[in-house]
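With chain A held as given, fit chain B onto it using these hints.
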Amino acid sequence: DAKTTQPPSMDCAEGRAANLPCNHSTISGNEYVYWYRQIHSQGPQYIIHGLKNNETNEMASLIITEDRKSSTLILPHATLRDTAVYYCIVMEYGNKLVFGAGTILRVKS
Amino acid sequence: DAGVIQSPRHEVTEMGQEVTLRCKPISGHDYLFWYRQTMMRGLELLIYFNNNVPIDDSGMPEDRFSAKMPNASFSTLKIQPSEPRDSAVYFCASSLAGDYNEQFFGPGTRLTVL
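Sequence lines, in order, name chains A and B.
Sequential numbering of the first sequence, starting at 1, is according to this note's numbering.
Sequential numbering of the second sequence, starting at 1, is according to this note's numbering.
Bound-form chain B, shown alone:
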């Protein structure tokens, strides 16, 4: 298996622009997680899905952030409008229902908002 795939790997955008991050989980995994990592705040869970349904979005910082999972093999995290403080590395992870906490992480998307 190719593992969790994220795109793009790097994104540079200007403040106010819409940013869309993409994730393809490992085939057969039931859970999908979105995390954000910064030097100041460390690694934070933003939202997670079970069988394509959002379960807990309490970590989503603001209404500017939204996430969708239209099918079992694809998820997006959108920021609209983006701000410089959104600059971070965003990770997607997936896991099986029986091994919920054995999460497989993708390589991350490094987002820079100018």
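Isolated chain A, as found in the complex:
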């Protein structure tokens, strides 16, 4: 599975959009981009995933560049409860999830 690079931490003002970047320059054609998050003292939570097209659900939007070498997770209106570690994982469907260090997102009032 392709490796990913994420910034170690980011801050965001409450109510503003949080844009979390992920680089995956070695991604192959059949690898998906998955995003999970882990709020302190809780289990990880699935957010969204995509292959080529941009995706949106009730939690977030996923923007994947045309060359698929990077992506951005967007939380449209961040709240204090969105403070968490966000993991970008690139993998083929059916492979094991491997969690890296992720990005610590701090939402501040």
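Please note that the accuracy of each hint is not assured.
To be verified - No more than 25 angstroms apart at the CA atoms, straight line, and that leaves these computed lysine to any residue pairs for SDA-like:
id	chain 1	residue 1	chain 2	residue 2
1	B	24	A	77
2	A	96	B	13
3	B	24	A	95
4	B	78	B	52
5	A	96	B	55
6	A	52	B	87
7	B	24	A	99
8	A	96	B	42
9	A	108	A	68
10	B	24	A	52
11	B	24	A	94
12	A	52	B	96
13	A	96	B	50
14	A	96	A	68
15	A	96	B	39
16	A	96	B	24
17	A	3	B	72
18	A	96	B	99
19	A	3	B	39
20	B	68	B	26
21	A	96	B	29
Just so you know, the hints here were simulated from the structure itself, not pulled from any lab data.
Relative to chain A, chain B alone:
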């Protein structure tokens, strides 16, 4: 649905004792996963089951660790004998066959081995 249920939530034991962690997956889910999380190593997959059958246990650290899934609604992770380095948070997760990587995690069991 109540989500993935794990018990106990906290366990404190002494070195050498047997520890059993329990998990009830979401009803109807075909896959069950056991993970371990520590500050040093992050989140690691230990073992996973498909339809109650162990598929990949390559992440199980030693023979002291064993996992079973006697039926679709129950799984155990056992450590015998336990050691201080086993102290960690252990998570159970489950998913549907068609959404293998959309895993639903339980609240975890925080294990402390003294």
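Q) In ascending order, which of the hints set out earlier in this document are inconsistent with the structure? A) Violated hints: 1, 2, 6, 9, 10 and 17; rest satisfied.
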